[in-house]
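*Asks:* Got chain A; can you put chain B with the ligands on it based on the hints?
The listed protein sequences derive, respectively, from chains A and B. This note's numbering puts the first residue of the first sequence at 1, with every later residue one more than the last. This note's numbering puts the first residue of the second sequence at 1, with every later residue one more than the last.
Accuracy of the hints is not assured; some may be wrong.
[Said to hold, decoys possible] Straight-line Cα separation of at most 25 Å, DSS-like style, residue types lysine-lysine; simulated pairs: (1) 300/A with 84/A; (2) 458/A with 567/B; (3) 409/A with 503/B; (4) 191/B with 282/B; (5) 300/A with 282/B; (6) 500/B with 409/A; (7) 360/A with 567/B; (8) 338/A with 458/A; (9) 386/A with 471/B; (10) 282/B with 386/A; (11) 458/A with 360/A; (12) 282/B with 301/A; (13) 76/B with 24/B; (14) 135/B with 76/B; (15) 76/B with 132/B; (16) 458/A with 282/B; (17) 282/B with 360/A; (18) 366/A with 282/B; (19) 135/B with 386/A; (20) 503/B with 567/B; (21) 500/B with 454/B; (22) 416/A with 164/A; (23) 471/B with 500/B; (24) 454/B with 282/B.
Bear in mind the hints are in silico, worked out from the structure with no lab data behind them.
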Amino acid sequence: MSSATQASRTYSTVREVLGPLLFVEAVRGVGYGELVEVTTPQGEERTGQVIDVSEGITIVQVFEGTSGLDTTKTTVRFTGDTVKLPVSVDILGRVFTGAGKPADGGPNIIPEDYWDIHGLPMNPYSRAHPTDFIQTGISVIDGMNPLVRGQKLPLFSGSGLPHKLLASQIVRQARVRGEEEAFTIVFAAMGITTEEARFFRDDFTSMGVLGRVAMFINLAEHPVIERILTPRIALTAAEFLAFEQGMHVLAILIDMTNYCEALREISAARMEIPGRRGYPGYMYTDLASIYERAGRIQGKKGSITLMPILTMPDDDLTHPIPDLTGYITEGQMILDRKMHKTGLYPPIDPLPSLSRLMDKGIGSGKTREDHKQLSDQLYYAYAEGKVIRETALVSGEAALTSNDRLYLKFADRFEKEFISQGANENRDIEGTLDLGWELLSALPESEFSRIDPDIIRKYHPRYRGGNEGDRIVG
Amino acid sequence: MVETSGARRKGRVFRVAGPFIIAKDMPGARMYELVKVGDAGILGEVIRLEGETAAIQAHEETTGIRTGEKVVGTGKPLSVELGPGLMGQIYDGIQRPLPRIQEQFGAFLQRGVVPPALDRKRRWSFHPSIEKGAKVSGGDVIGTVQETPLIEHRILASPLLGGIIEDVAAEGEYTVADTIAEVRTPQGRDKLRLMHTWPIRQPRPFSAILPPEVPLLTGQRIIDAFFPLSKGGTAAISGGFGTGKTVMLQSLARCADADILILVGCGERGNEMADVVESFPKLEDFRSGQPLMNRTIIIANTSDMPIAGREASIYMALTLAEYYRDMGYDVALMADSTSRWAEALREVSGRLEEMPGEEGYPAYLASRLAEFYARAGRVSTLGREERTGSVTLAGAISPPGGDFSEPVTGNTIRLTRVFWALDFSLAHRRHFPAINWFMSYSEYIPALANWYEKVGPDWRRLREEAMAVLKEEEELREVVSLVGAEILGDRQRCVFEAVKMLKEYFLLQSAFHPVDMQCPINKTYHMLRLILKFYDKARQAVNEGTSLGQVLALSVKEDLTRMKIVKPERFDEVSKEISQKMDTQFDQLTADTAEGVSA
Ligand SMILES: Nc1ncnc2c1ncn2[C@@H]1O[C@H](COP(=O)(O)OP(=O)(O)OP(=O)(O)O)[C@@H](O)[C@H]1O
Ligand SMILES: [Mg+2]
Numbered sequence: 001m002s003s004a005t006q007a008s009r010t011y012s013t014v015r016e017v018l019g020p021l022l023f024v025e026a027v028r029g030v031g032y033g034e035l036v037e038v039t040t041p042q043g044e045e046r047t048g049q050v051i052d053v054s055e056g057i058t059i060v061q062v063f064e065g066t067s068g069l070d071t072t073k074t075t076v077r078f079t080g081d082t083v084k085l086p087v088s089v090d091i092l093g094r095v096f097t098g099a100g101k102p103a104d105g106g107p108n109i110i111p112e113d114y115w116d117i118h119g120l121p122m123n124p125y126s127r128a129h130p131t132d133f134i135q136t137g138i139s140v141i142d143g144m145n146p147l148v149r150g151q152k153l154p155l156f157s158g159s160g161l162p163h164k165l166l167a168s169q170i171v172r173q174a175r176v177r178g179e180e181e182a183f184t185i186v187f188a189a190m191g192i193t194t195e196e197a198r199f200f201r202d203d204f205t206s207m208g209v210l211g212r213v214a215m216f217i218n219l220a221e222h223p224v225i226e227r228i229l230t231p232r233i234a235l236t237a238a239e240f241l242a243f244e245q246g247m248h249v250l251a252i253l254i255d256m257t258n259y260c261e262a263l264r265e266i267s268a269a270r271m272e273i274p275g276r277r278g279y280p281g282y283m284y285t286d287l288a289s290i291y292e293r294a295g296r297i298q299g300k301k302g303s304i305t306l307m308p309i310l311t312m313p314d315d316d317l318t319h320p321i322p323d324l325t326g327y328i329t330e331g332q333m334i335l336d337r338k339m340h341k342t343g344l345y346p347p348i349d350p351l352p353s354l355s356r357l358m359d360k361g362i363g364s365g366k367t368r369e370d371h372k373q374l375s376d377q378l379y380y381a382y383a384e385g386k387v388i389r390e391t392a393l394v395s396g397e398a399a400l401t402s403n404d405r406l407y408l409k410f411a412d413r414f415e416k417e418f419i420s421q422g423a424n425e426n427r428d429i430e431g432t433l434d435l436g437w438e439l440l441s442a443l444p445e446s447e448f449s450r451i452d453p454d455i456i457r458k459y460h461p462r463y464r465g466g467n468e469g470d471r472i473v474g
Numbered sequence: 001m002v003e004t005s006g007a008r009r010k011g012r013v014f015r016v017a018g019p020f021i022i023a024k025d026m027p028g029a030r031m032y033e034l035v036k037v038g039d040a041g042i043l044g045e046v047i048r049l050e051g052e053t054a055a056i057q058a059h060e061e062t063t064g065i066r067t068g069e070k071v072v073g074t075g076k077p078l079s080v081e082l083g084p085g086l087m088g089q090i091y092d093g094i095q096r097p098l099p100r101i102q103e104q105f106g107a108f109l110q111r112g113v114v115p116p117a118l119d120r121k122r123r124w125s126f127h128p129s130i131e132k133g134a135k136v137s138g139g140d141v142i143g144t145v146q147e148t149p150l151i152e153h154r155i156l157a158s159p160l161l162g163g164i165i166e167d168v169a170a171e172g173e174y175t176v177a178d179t180i181a182e183v184r185t186p187q188g189r190d191k192l193r194l195m196h197t198w199p200i201r202q203p204r205p206f207s208a209i210l211p212p213e214v215p216l217l218t219g220q221r222i223i224d225a226f227f228p229l230s231k232g233g234t235a236a237i238s239g240g241f242g243t244g245k246t247v248m249l250q251s252l253a254r255c256a257d258a259d260i261l262i263l264v265g266c267g268e269r270g271n272e273m274a275d276v277v278e279s280f281p282k283l284e285d286f287r288s289g290q291p292l293m294n295r296t297i298i299i300a301n302t303s304d305m306p307i308a309g310r311e312a313s314i315y316m317a318l319t320l321a322e323y324y325r326d327m328g329y330d331v332a333l334m335a336d337s338t339s340r341w342a343e344a345l346r347e348v349s350g351r352l353e354e355m356p357g358e359e360g361y362p363a364y365l366a367s368r369l370a371e372f373y374a375r376a377g378r379v380s381t382l383g384r385e386e387r388t389g390s391v392t393l394a395g396a397i398s399p400p401g402g403d404f405s406e407p408v409t410g411n412t413i414r415l416t417r418v419f420w421a422l423d424f425s426l427a428h429r430r431h432f433p434a435i436n437w438f439m440s441y442s443e444y445i446p447a448l449a450n451w452y453e454k455v456g457p458d459w460r461r462l463r464e465e466a467m468a469v470l471k472e473e474e475e476l477r478e479v480v481s482l483v484g485a486e487i488l489g490d491r492q493r494c495v496f497e498a499v500k501m502l503k504e505y506f507l508l509q510s511a512f513h514p515v516d517m518q519c520p521i522n523k524t525y526h527m528l529r530l531i532l533k534f535y536d537k538a539r540q541a542v543n544e545g546t547s548l549g550q551v552l553a554l555s556v557k558e559d560l561t562r563m564k565i566v567k568p569e570r571f572d573e574v575s576k577e578i579s580q581k582m583d584t585q586f587d588q589l590t591a592d593t594a595e596g597v598s599a
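Excised from the complex, chain A in its bound form (with noise of 0.2 Å):
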């Protein structure tokens, strides 16, 4: 481009600033979603994007914040060009900020490509299913959701739940089952504390995976728009090292939550109309645009593995940011806030946790033929055994039936056996579902109507000759 083109591209003519938009007046051949340029009345130079290009007023977002621009002195350049980020493999073992620069002292990174961080829709025709069953050494992920890669599995928390210590477990210990090669991580933070930014990091040191992690670090107290761009940045290095450079990425989102938030403020300048709770009502497509951007695609090595995590305002799984997620994504694993408060670990409740995925990934040849069966029992049993302690709860253990007090037993049993374990301690899948076996069949064997009679004739313990002395009733 000409430096005459670039000077007549260069605008002082905003007419408004509201929220983080900036509202400019006359501007001409201003192509819809280009990067700007702004530069403040002090020399400060800021970004940001048109978000809405008309003859007569162009809309920019600018993504550190408007404090300090006015209407007479500050100049919008025009640059012509998407939002891009340089892409290289030596961003793995780095830390950027929220926008993409380097935020760690070190060198800028030497790009192999430029590539817009919008990314473009995958054909959905193109995309292989995801089928390779992901280990994460969680008796209740894996035993009862689990996750293959490829997939798109969120955590929905809670302020205070212990979310951070279970994403790094599960980074730690996921393993594609005879594979060597680890995940490479791209970890994005959207408006996390410093101290949560620091558990990570120090985290992934003390794994001795800081080489192939990249890090992406919007904190608290760093401006709210650049939120926008966090996430989008994060999945363009995802895939540029996932789809270029063949690796397997497991990105994670924290904490979502905050993005929205930063959708919403800029909504509500723009003074749309707005949908449930105050929240766009593009919303919904605006985070499938994100999420959509995990997965694998034919003919091509790497695939990007997402792990958003949010917290839900109140707990509320219904509020529109857990909500839309959940419409989004492949599943979910729910924390539970009573499970916590009762000392359980990890206090994931399996009942309204998901994977839509799991069918293609277990299995024979996969984990093991009675998994999905087991695992449906399991759901059973355990619905049932919540229930009936909730009518304990009104009527007193008296009232029971002896069925009814065997149900009641599975499910305390379940919860400090089989979803209680250490946040060190790493279960492999036959482990897991052994121990399934071992507590359900204390359970009449006439209950098992969600398992073939096969299936049940060689894996109950009675019929393997395994553990003397369980209790088998009826």
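*Replies:* Same frame as chain A, now just chain B with the ligands:
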């Protein structure tokens, strides 16, 4: 598309905001006219006109479009190509073939010129069935093409046509663009090809609507037994995330007794579409043993694809469905999710700064939904030959927070005659399909009664009995939660046990178990009959003094557990055995009790 040459009018881009463009200097532009925007020529549709200013929804990404770039009207509405080659295809929301796009651009969707929906090079073997000199009018069959081993594609005279055949092609191989007949019409001569186009927003005409007296059997027990759908009917399936809408619609696609399936992924997940694309060519059609893909069309406009395509995808699918209906086929169209379509309307309406209705949806949401569901129906088609065809519509709804009191659910269930309400609490205990049996309904039951009576004369009684016991149990549960379980005697516990059996042995149906996933109507009928028979006998036995414990220990109960995984071809025999065994065991039990009492 057979383009008329010469661009028509040129206006200019005045404003771009996301998928929404305002163009000025557009005299003569028409509503829903297809336009090409900018130097890149991206496709858009006119959705509002004010003087010479047109509001346009863009079907492609608008990034980089500048003010002042040109906007060219094509003079035509957005249309769909109809002809051989549709079956087995995978299209985006405006009928661009995704496999060809992949060949051209790789794995990511980019802007650019895309190959047409129907392959212009492929040759089809055409068998004419009309002669020179014959009178022809809309809907007449000109000839046939074997489109897939399963589908004979009837080449129809376009609904608007009328005249005399002047020339007709000999049997042979033709492309979709070759002329296969010439017709003299009052206006002049018309060429007929294997393909024609039709505007997506305009319903295709038919001759008469027929009553909904034939069920669309779904192979899903809870549906076929309690909330049946009819051929040409409409159904809504609503529920929060993860309650099983997609799995149900896919089960319908696999198991329903329709001739043609059209699956629309409207603003949903890419991986779900990938799953269908991967599995359907391998799945055997239960009717023919052929790959299911041979009678399926997939329309995939996932949530990350342009939102205007989401809006269009629904109409695209409807037009395809009507086209095959007009050939005399029963078509089932599954749309997942109509909420995403409604959200696309809301977004565009918001950008147009229209007066918002409930929850920001445009005031015309209800009428758009009504137009959609009105295109379902079982009809006798146009054309000389008597043909009956149908379009059955099943739409998923994704209510925020799983709460049905929201505009899309509310407006939809006023229109559809079947409602399958999905329930979080059932889904959370992995009771699938998680259809809530108290909230769901089907208004087709009376119209289908004759048909059902042929399967089993006592259908109605069974249905009512099952519902009654489910209701009774619900009420008992409420009582227990208030006053405790001590009040329960064997008689009440009998109700609990019956419901447990109904739920676990009958209502619960795995969409993934090779046998259980599809349950023929006969099997459904006998399963229900046997479970209710057991309940009846159990109640009687308990009344006569037998303890419930003894009843539940009968080994025939175990047989009931396994009924669902008995292969349908063996089921008649097995059900007779179970029935006899039940009689014997209960007789024995009553005899023992009587002895015990008299002893
Ligand atoms: N009939 C069934 N048999 C077995 N499992 C089922 C059945 N129906 C649903 N499921 C389970 O429930 C999960 C969620 O179902 P599904 O994807 O259909 O939900 P959905 O209602 O479409 O959710 P969303 O609105 O988020 O798309 C499935 O992945 C599957 O594990
Ligand atoms: Mg779904």
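*Asks:* Taking each numbered hint in turn, which are not upheld by the structure, reported in ascending numerical order?
*Replies:* 4, 8, 10, 14, 15, 16, 19, 21 and 24
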